[in-house]
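Visitor: In case you want the letters, here they are:
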Amino acid sequence: MTDTKIEIRPRKCAGCLRCQMVCSMNYQGVFSVADAWIQVDFDSAEGKYSAFFTPECTNCGLCVENCAFGCLVYTEEK
Amino acid sequence: MLEYGYAGAVLHIDLTTGKTSREELSPSLAKDFIGGWGINAALAYDLIKQGTPALSPEMPVILGAGVLNGTLAPSSPKSFLTTRDPAAGTISTAVGSGYFGAMMKWAGFDHIVLHGKAERPVYLKIVDDHVEIKDASQLWGRDINAATDALRSTVKGNSSVLCIGPAAENQAKIGMALIDKCSTMGRSNGGNLGSKNLKAILIQGNKGVKLHKEKKFLEVVDRLKDSALKDPLRDKWMESGLFFVFSTWLKAGFFIHENQTRIYPVEKGEKIFGMQHFLKTRESLVGCPSCLTPDKYVCRIVKDGVSRSCFLSTSLDPVILFGFKCGIEDFGQALELHDTANRLGLDELTFGVMFDFCHDLLKRGIITVKDTQGEELKKDFATIKHLLEITAQRKGFGEVMAEGWIGALKKLNLPKEVEDEAYHIKGTEPDFDARVSLGVETFGAVTNPRGAHDMPVGGLTIAKGRNVDFFKKVTARMGFSPALQERIFTDTGFDLGKLTANYENWGILLNCLGICFRMQSSRLYDMQSCVDLYSSATGIETSGEALTRACDRSFNIYRAANVREGFGRKDDRFPDRWFQPLKKEDGSEVRLQDYFGTKVITREDAEKILDSYYEEKGWDVPSGKPSRAKLEELGLNKVARDLWGK
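Top to bottom, those sequences are chains G and U. Residue 4 in our numbering sits at position 4 of the first sequence, and the numbers go up by one each step. Residue 547 in our numbering sits at position 469 of the second sequence, and the numbers go up by one each step.
Hints were generated in silico from the structure; no laboratory data involved. The structure presented is a predicted model; accordingly, all values stated were derived computationally and were not measured. Among the clues, some could well be false.
With beta-carbon atoms standing in for the labels, derived distance ranges [said to hold, decoys possible]:
#1 G:T54 x U:F674: 26 to 34 Å
#2 U:R312 x G:F52: 23 to 31 Å
#3 G:C60 x U:G571: 49 to 57 Å
#4 G:F52 x U:S99: 31 to 39 Å
#5 G:Y74 x U:L311: 26 to 34 Å
#6 G:E7 x U:Q216: 39 to 47 Å
#7 U:D547 x G:E7: 45 to 53 Å
#8 U:D569 x G:N26: 45 to 53 Å
#9 U:N284 x G:Y74: 27 to 35 Å
#10 U:D683 x G:N26: 55 to 63 Å
#11 U:F674 x G:E7: 50 to 58 Å
#12 G:Y74 x U:K329: 42 to 50 Å
#13 U:D672 x G:C60: 50 to 58 Å
Don't be surprised by glycine CBs; every beta carbon is placed ideally from N, CA and C.
For reference, chain G alone in the conformation it holds in the complex (with noise of 0.2 Å):
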């Protein structure tokens, strides 16, 4: 059996925030990042940014499907 997982890569991430924007509107009908069930933050100083799954996240890939910038893939695993 297969399953799917998702993985940050957040060496490639640009801090669009448009995977925080989608998931909110998906699940609370509203653009906020705060209410997404991934969490994107930027270490201003080094200049880098980080990103997590709340414990909420469904895994439902959406986020994935509007990465524009291959930061979040799904990866497979057994």
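Chain G is fixed; fit chain U onto it per the hints.
Guide: Just chain U now, kept in the frame of chain G:
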């Protein structure tokens, strides 16, 4: 009540009394001026009293978010800051990006108006409805990067910081605010925050933006997204931004030095500043919210064994300003000087061109080291770095540079014919030189009420060699009707005045909606997608004609705010430099010509282009004032009375 698309509120903060108040955003203001840039212009007309000095407590600073900020509409991050430009004296809207506009919307505000002056240095902390005026004594004097990092670390989760550096704290008139250390709040105007003792605004929004018709909105977004992802040039834009066109522009003669008299040599330019130098320092991309083709960067500067990050909003700027204008012949040094200017919060564009001018005057013996207070104005790294620092501190000759063009020319007390050489329009130097390409960007720099800033950009007439069919196709996408096109275009050319007058409305529409006008982003949009996004987001049904009319109204009230301050046709002036030949390295000369290169343009021809522009705008041709009839037709009856009497 504006429930969808808009946040529906204006936040007023009085820094003198410490009081804040929330006001509902009037639906009629939204209908008449759309939002963002347009509503900022309307608020400025109402709130700025005629004759109020730029750096006084009575001068308000008006911040605005574009209607689509904080949504998935591709590349819609633009926010705005309107006040009196302290260097130019015009009523001026600066344009910024980064996270600021989106955070404003998510916090529940379309506009924020700053009044008064704090007694001591403060910063604003806005987290949704919680607005605090906080002590900034530990931040005052620190550079923009250090202050921004310190402020961001005080909140959990993502946030945005609009911050000034030492230059604007000292009220240098070419002081500038940066958003998130990277995005410029479009030049000067930063001194106004310094004059209010306001170091920064830290904002975090957690409320979000609701849409009226989510499905329809997302359909349009998906279509635009597909188009952006299929753009064959997308990877190149993201790899190097404007550096992508460096070689083309170098060969086309876009890079001018030696006080706007000579085109930079091609071979030398490639060798010192070619793409390979940028790519060596480029570390990662910085995107604005919803952007699909970002072109801001984190670069890495390594010097004396110490490594530090450097943020780059426009990849070519260090080369253009510090390489070509200041004569630095090393990419790394140019980048370091850019980083210094950004940390100090100085407008490097004005600094670079003014330095080149002063250097030339000193070389020709028109001014002496007595005038420069001992500075030799050498084109080397140490001199430029020192000058940036003393300009931010307003010390020595830095006091002259900090004034910007108008103030510096007064202080230098030059003969009239030398003063006329100064390369500025209403106190700001144009980014592009009309001798290389006379089009909507360069002519638009003449007519922009703010000064020679880019208003209708997107690269329409920057590139040479395009034909009338191309322009007809592109302007049709912007909502130009066949009848309008008939008036503008002939079989072989266009009426530049009329084209610019209408193209400005498209630029304003993008600004009202908050859409980025960098080439790779603005060209995704057409009028119908703007109409569909606006209507589905806000629930306000509209049309291309209604939006264009609202843009026309917005531009007229912006112009009127400046006419009220004494600006007019006399200030919409082609710089003298444009009528002098530009020398190429082989000794040949480039003269001001029409876009298609069919005839040389004289001062008399330039005045005719202006006549045509004013006629198309419906303005009084001799004075360049919006006419009474035009203002009344737009429903701006009070403005008509203000400008023309009862």
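Visitor: Now, for every hint given, state plainly whether the structure supports it.
Guide: Against the structure, the hints:
no. : hint                       : result
1   : G:T54 x U:F674: 26 to 34 Å : violated, 58 Å
2   : U:R312 x G:F52: 23 to 31 Å : holds, 28 Å
3   : G:C60 x U:G571: 49 to 57 Å : holds, 54 Å
4   : G:F52 x U:S99: 31 to 39 Å  : holds, 38 Å
5   : G:Y74 x U:L311: 26 to 34 Å : holds, 28 Å
6   : G:E7 x U:Q216: 39 to 47 Å  : holds, 41 Å
7   : U:D547 x G:E7: 45 to 53 Å  : holds, 47 Å
8   : U:D569 x G:N26: 45 to 53 Å : holds, 51 Å
9   : U:N284 x G:Y74: 27 to 35 Å : holds, 30 Å
10  : U:D683 x G:N26: 55 to 63 Å : holds, 57 Å
11  : U:F674 x G:E7: 50 to 58 Å  : holds, 53 Å
12  : G:Y74 x U:K329: 42 to 50 Å : holds, 44 Å
13  : U:D672 x G:C60: 50 to 58 Å : holds, 56 Å
In summary, the one numbered hint that this structure violates is 1.
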